[in-house]
Each structure stands twice: as structure tokens, then as C-alpha cells.
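Participant: Residues per chain, in single letters:
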Amino acid sequence: EAEVAQSPRYKITEKSQAVAFWCDPISGHATLYWYRQILGQGPELLVQFQDESVVDDSQLPKDRFSAERLKGVDSTLKIQPAELGDSAMYLCASSHGTVEAYNEQFFGPGTRLTVL
Amino acid sequence: KNQVEQSPQSLIILEGKNCTLQCNYTVSPFSNLRWYKQDTGRGPVSLTIMTFSENTKSNGRYTATLDADTKQSSLHITASQLSDSASYICVVSARGNKLVFGAGTILRVKS
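Heads up: the sequence lines are chains G and Z, in that order. For the first sequence, the numbering used here gives the first residue as 6, with consecutive numbering after it. For the second sequence, the numbering used here gives the first residue as -3, with consecutive numbering after it.
The set of hints was computed from the structure by calculation and includes no laboratory data. Careful, some of the hints might be misleading.
Stated by the list, open to error - Computed cross-link-like contacts, BS3-like style, restricted to lysine-lysine with a CA-CA straight-line distance of at most 25 angstroms:
1. G:LYS67 with Z:LYS13
2. Z:LYS67 with Z:LYS106
3. G:LYS20 with G:LYS76
4. Z:LYS13 with Z:LYS94
5. G:LYS83 with G:LYS20
6. Z:LYS53 with Z:LYS13
7. G:LYS16 with G:LYS83
8. G:LYS83 with Z:LYS(-3)
9. Z:LYS(-3) with G:LYS67
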């Protein structure tokens, strides 16, 4: 069964360092999402791609976060510099179409980031 | 403001018992409602998706209900198993392609 792949699964870094997360969506899924989930809370959307284009990055802290999906397939989320408050689970998800169109969203296993 | 509220925040039940989780939402305009199961340290996995015209949808021992008039949904788990221990997240999709997530209900099934 096809799955969303993410790496690394765990990342420990010191504040002010740069970190990067990678996501490979299910083959053929045009829509890709990056979420941040703080312990005890639901996921919060950071950025949504439709193919290689950003369609929603309104909640992305653009002073330190960046995301790209250059060829419309896999994606990278970067944080530079990392801050203590960035400690969270970073989830990637993909769907064949948009969630409004009743398309199911598949999540990856996530990357657990700890900033010391 | 679009919000999804879930109750209870956490729940402990004995193996074999049934339980019901609640979800109230104020998302508008409504498109569809989803329930996800999230095991500790893993990504959420979809259980059900319902549009406004669907009142009930089942997936094995999981049954979700939706009352679009009162903007309430519930997830009923029958004959609980230890493997049901997880966080259950209610998610409402608004037209315009927005997903609004609840904070989840943490369920623990004890033997």
C-alpha cells in the first residue's frame, strides 16, 4: 500500500541551527500539505502545495520557515534559525485533489523535532 | 471564527466496553467532516469522511454520526480493544479548501 514518506523521523537540534525535513507524497497526489502539531493539540496547517505552486502559506512564519516543491513531487520544509518554540511534530500529508472535493488526505509518520 | 471542539479531552475505558466521543463545530460554510485516529508518535489515519447529507457512516467497530443542523458529530466505538488506545481527531473541511482540526480526545483502553 502506498504511503507518504518522511525523513528524518526524529531530529534534535540546538536553537539558532538550521533544520530541514523531507516528504515524498503518494505517487500521483497533486496536493501536498505540511502541518505542525504541538503535543496535545491538533495539527496546524503551515503550507499547502498544488503541484509545485503554493496555494496557502498564510500560517507559515516566513521569517524563519521556507518550503519548496520544485518538481511538484517531493517537498522540503526548512527552519532557519530554529527556536525553542519550534519543538513539535511536523506532519506531511498528500491527497489526490483538494479536501473540499471530498478527497481523502493521507498523512506520513511525521518528524519529531526537539530544539534544545 | 471557525472552530472545532472535542469532548471529553481524555477518556479511560475497560476493554470490551463501548464509548462515544463528541465533536462540535462552528465551521462555515461546511463541506465535510472527518474523524482520524492518531497513534502516539504517528501520523493521523482517516476513519470516516461525511458530507452534510450523510447522517451515519461506519468503518468496522467505528460509527460516526453527523447532525448538520446542530453542527455536532460523534464517534462511537463498539467493543473496544487495547489497540483502540489513541488520539481521535475531528476535522471539518470548509469550502475554500480549509481543514479545521480539533485538539483530539485521548482514549486509553485498559485490560
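Participant: Each hint: holds or not?
Facilitator: Right, here's what the structure says about each hint:
For the hint pairing LYS67 (chain G) with LYS13 (chain Z), the CA-to-CA distance comes to about 47 angstroms; that exceeds 25 angstroms, so the pair is violated. Among the hinted pairs, LYS67 (chain Z) with LYS106 (chain Z) is inconsistent with the structure: their alpha-carbon atoms are about 31 angstroms apart, more than 25 angstroms. For the hint pairing LYS20 (chain G) with LYS76 (chain G), the CA-to-CA distance comes to about 31 angstroms; that exceeds 25 angstroms, so the pair is violated. Between LYS13 (chain Z) and LYS94 (chain Z) the alpha-carbon distance is near 35 angstroms, which puts this suggested pair outside the 25 angstroms criterion.
Between LYS83 (chain G) and LYS20 (chain G), the direct Cα distance comes to roughly 14 angstroms. Compliance with the 25 angstroms bound is thereby established for this hinted pair. The suggested pairing of LYS53 (chain Z) with LYS13 (chain Z) holds, with an alpha-carbon distance near 20 angstroms, which does not exceed 25 angstroms. Between LYS16 (chain G) and LYS83 (chain G), the direct Cα distance comes to roughly 13 angstroms. Compliance with the 25 angstroms bound is thereby established for this hinted pair. Our distance criterion of 25 angstroms between C-alpha atoms is broken by LYS83 (chain G) and LYS(-3) (chain Z), whose separation comes to about 30 angstroms.
Among the hinted pairs, LYS(-3) (chain Z) with LYS67 (chain G) is consistent with the structure: their alpha-carbon atoms are about 23 angstroms apart, no more than 25 angstroms.
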